[in-house]
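Below are the chains, spelled out letter by letter.
2 protein chains.
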Amino acid sequence: MIAQSATIVTLTTLMASSQGIGFNKYVSSGNEADLHMEDFLEYYADDPETKVVAAYIEGVRKGRRFIDASREVTKNKPFVVLKGGKTEAGAAAASSHTGALSGADMIFDAMCVQTGIMRVSDHLEMIDLIKAFLLLPRPMGKKVGIVSAQGGMGVLMADACVKYGLEIPKLTEGSINELNTFLPYFWSHRNPIDVTAGFMGDLSALTKSLEVLLRQEDIHSVVCLPQVWSPLFSTISAQISDEMQDLFKSISVEMMEWMEETIINDFIKLKNKYGKPVIAIGTFTQSGSKSNRLLEENGIPVYETPDQVARVMSKMVEYAEYLRGKDI
Amino acid sequence: MIAQSATIVTLTTLMASSQGIGFNKYVSSGNEADLHMEDFLEYYADDPETKVVAAYIEGVRKGRRFIDASREVTKNKPFVVLKGGKTEAGAAAASSHTGALSGADMIFDAMCVQTGIMRVSDHLEMIDLIKAFLLLPRPMGKKVGIVSAQGGMGVLMADACVKYGLEIPKLTEGSINELNTFLPYFWSHRNPIDVTAGFMGDLSALTKSLEVLLRQEDIHSVVCLPQVWSPLFSTISAQISDEMQDLFKSISVEMMEWMEETIINDFIKLKNKYGKPVIAIGTFTQSGSKSNRLLEENGIPVYETPDQVARVMSKMVEYAEYLRGKDI
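If you read the sequences in order, they're chains P and L.
Here this note's numbering is used: the first residue of the first sequence is 3, the next is one more, and so on.
Here this note's numbering is used: the first residue of the second sequence is 3, the next is one more, and so on.
Mixed in with the good hints, there may be bad ones.
Identical chains blur together in the list; that is why a pair holds if it fits in one copy or across any two.
The calculated DSS-like cross-link candidates involving lysine-lysine, where the alpha carbons are at most 30 angstroms apart (straight line), are [to be verified]:
| no. | residue 1 | residue 2 |
| --- | --- | --- |
| 1 | K165 | K133 |
| 2 | K144 | K210 |
| 3 | K172 | K77 |
| 4 | K172 | K27 |
| 5 | K210 | K79 |
| 6 | K165 | K144 |
| 7 | K328 | K53 |
| 8 | K77 | K278 |
| 9 | K64 | K275 |
These aren't lab readings, by the way, just hints derived from the structure by calculation.
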């Protein structure tokens with residue numbers, strides 16, 4: 003990572019590392035009296051230890067060189083940029099911070115499209131995106147399958163996908179017929195698949211539904227929603243009376259963890275079998291949990307909100323399309 | 003809170019309570035075979051124990067009654083809505099979840115403008131907004147002052163304000179002259195005020211700058227960025243070697259906590275003196291800290307990103323303008 007701000011590079015790298023994402027090198031380039039953004043970019047483009055390049059940029063001094071250096075980076079690895087000074091007020095602030103001239107935001111945006119740079123709106127989104135690029139295979143298209151045992155979150159996930167330019171393809175007749183064989187009759191009968199609370203009677207309903215989605219050809223990635231509940235249960239546990247706590251822990255929390263582990267291990271097997279991106283939505287992921295770790299260590303990133311997932315997926319699709327346009 | 007989804011009401015209320023925000027009543031209304039959203043709204047409008055009303059809505063059955071009930075609510079208290087089924091894909095999903103017809107999103111949006119409802123895009127934004135309404139006085143306008151010791155975050159904060167329709171007014175000559183008397187000569191000389199790292203030599207520089215902003219008449223609320231660093235230091239501390247840890251803790255963490263407490267107590271006094279909304283940006287706020295608690299217990303909400311702050315402020319301004327239009 004390179005940043006024209008010491009605060010932002012410090013925050014981003016520390017918060018990322020608390021989520022288990024390591025930066026092997028970072029630079030706070032300040033107001034760049036000597037070495038510039040472009041110098042560091044050229045270095046990172048060739049650095050075999052760097053898998054994703056991230057930057058906080060207020061202004062670029064040599065446009066041509068920046069474009070060339072960015073193209074060198076994006077040929078081989080994703081390049082994520084947080085741009086400060088997008089608006090007039092921000093640009094004025096930047097001019098007294100690093101002395102950089104931010105230039106018209108439209109021009110910077112056009113430059114990003116041409117060079118395959120992905121822009122984010124804050125350091126948390128930057129971390130979300132870096133995690134996705136580190137863990138997920140490249141999506142082959144923008145069509146997303148969704149499976150959940152919670153209708154409301156499925157609805158919000160579908161909304162978020164469309165908002166960020168992704169598509170929710172219809173289930174094929176074959177998929178529907180197969181789902182009918184094991185889901186309760188009142189399942190949603192469409193994508194998003196809502197297996198409904200009925201799945202509590204048959205834990206494999208979720209896994210089997212995931213496999214149907216992964217097998218459908220025009221579905222390029224799958225978001226699954228239900229399996230990371232134990233951090234939530236631990237939170238509840240901390241809020242109930244002492245006498246009840248032991249009972250609650252031994253029954254609910256432990257049962258939940260066992261259930262999660264079973265489901266997650268099946269998810270991982272399926273992900274490996276089909277090679278498509280699989281993303282999970284968990285709750286209270288900030289507090290960490292065994293389940294989250296198990297998922298992320300095995301290539302299934304976990305996020306907290308549908309918006310985060312859709313933003314991340316849309317950027318991954320954007321980069322994949324950029325590379326395809328380049329015939330790489 | 004009322005929700006047409008058990009998951010969303012559970013998540014929202016639990017996550018809010020882990021941030022110290024209590025819900026005194028909540029309802030999961032499901033697919034509303036009997037009592038409807040409108041019934042609960044009418045109840046909440048008159049309930050003296052409810053200060054803010056929140057809802058997750060997939061569909062409304064009786065438009066006219068919903069509008070009347072919403073107006074009753076917003077006369078006396080903010081009403082925050084997360085709408086599921088905004089897009090065609092989401093609406094289709096909603097129809098198989100609660101059976102609600104979501105209707106055109108544009109119509110729902112127009113209804114929100116007419117009734118003073120504030121829409122949010124996920125449950126985390128809902129919690130952010132509820133916290134703001136519980137802690138902050140009503141802003142008298144959309145002009146925001148920003149003070150920070152970190153240029154980069156000040157730049158991003160200015161960008162975020164403009165993105166959400168807020169304004170960053172110029173400093174008056176009087177304000178600039180006063181700031182010149184105690185800030186290092188290389189301060190930003192504009193709003194956002196960047197007191198620069200020079201403030202480490204004079205802790206009161208930050209507080210005095212805040213007071214200049216609060217005193218300037220056309221500044222309606224102030225965002226301050228620098229003072230909640232101890233959770234970050236604790237995070238660093240957990241990552242360094244055992245031998246260094248004790249030293250680091252006793253020197254850096256404790257010094258930081260003492261410094262923060264001094265600054266925060268001055269901030270609280272100023273906030274009480276001027277009665278304008280004051281919001282802080284901290285880091286690692288999820289992990290909680292003494293400083294965050296001290297701020298929030300005294301009416302200064304803490305958020306993690308400039309985007310969160312600007313979104314929350316813009317919604318508060320929106321509601322204040324709605325009430326002024328009503329001459330309430």
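Worksheet item: When no copy is specified for K172 and K27, does a C-alpha distance of 30 angstroms or less occur within a copy, between copies, both, or neither?
Response: Cα proximity of K172 and K27: none, with 44 angstroms in one copy and 39 angstroms across.
Item to complete: Go through the copies and call it for K64 and K275: within, between, both or neither, with a Cα cutoff of 30 angstroms.
Response: neither (46 angstroms within a copy, 48 angstroms between copies)
Worksheet item: Between copies, within a copy, both or neither: which fits K328 and K53 at Cα up to 30 angstroms?
Response: within (19 angstroms within a copy, 56 angstroms between copies)
Worksheet item: For K165 vs K133, is the C-alpha pair at or below 30 angstroms within one copy, between two copies, both, or neither?
Response: both (21 angstroms within a copy, 26 angstroms between copies)
Practice prompt. Classify it for me, K165 with K144: is the Cα-Cα distance of at most 30 angstroms met within a copy, between copies, both or neither?
Written response: both (13 angstroms within a copy, 27 angstroms between copies)
Fill in: Intra- versus inter-subunit Cα pairing at 30 angstroms for K210 with K79
Classified as neither; 34 angstroms inside a copy, 46 angstroms across copies.
Item to complete: Since the copies are identical, ignore which copy is meant and state whether K172 and K77 lie within 30 angstroms (CA to CA) inside a copy, between copies, both or neither.
Response: neither (34 angstroms within a copy, 43 angstroms between copies)
Worksheet item: Is the C-alpha distance from K77 to K278 at most 30 angstroms within one copy, between copies, in both cases, or in neither?
Response: within (22 angstroms within a copy, 50 angstroms between copies)
Worksheet item: Taking 30 angstroms as the upper bound on the Cα-Cα distance, should K144 and K210 be classified as within, between, both, or neither?
Response: Answer is within: at 23 angstroms inside a copy they meet the 30 angstroms cutoff, but 52 angstroms across does not.
Hint compliance for this structure: hints 3, 4, 5, 9 are not met, and every other hint is.
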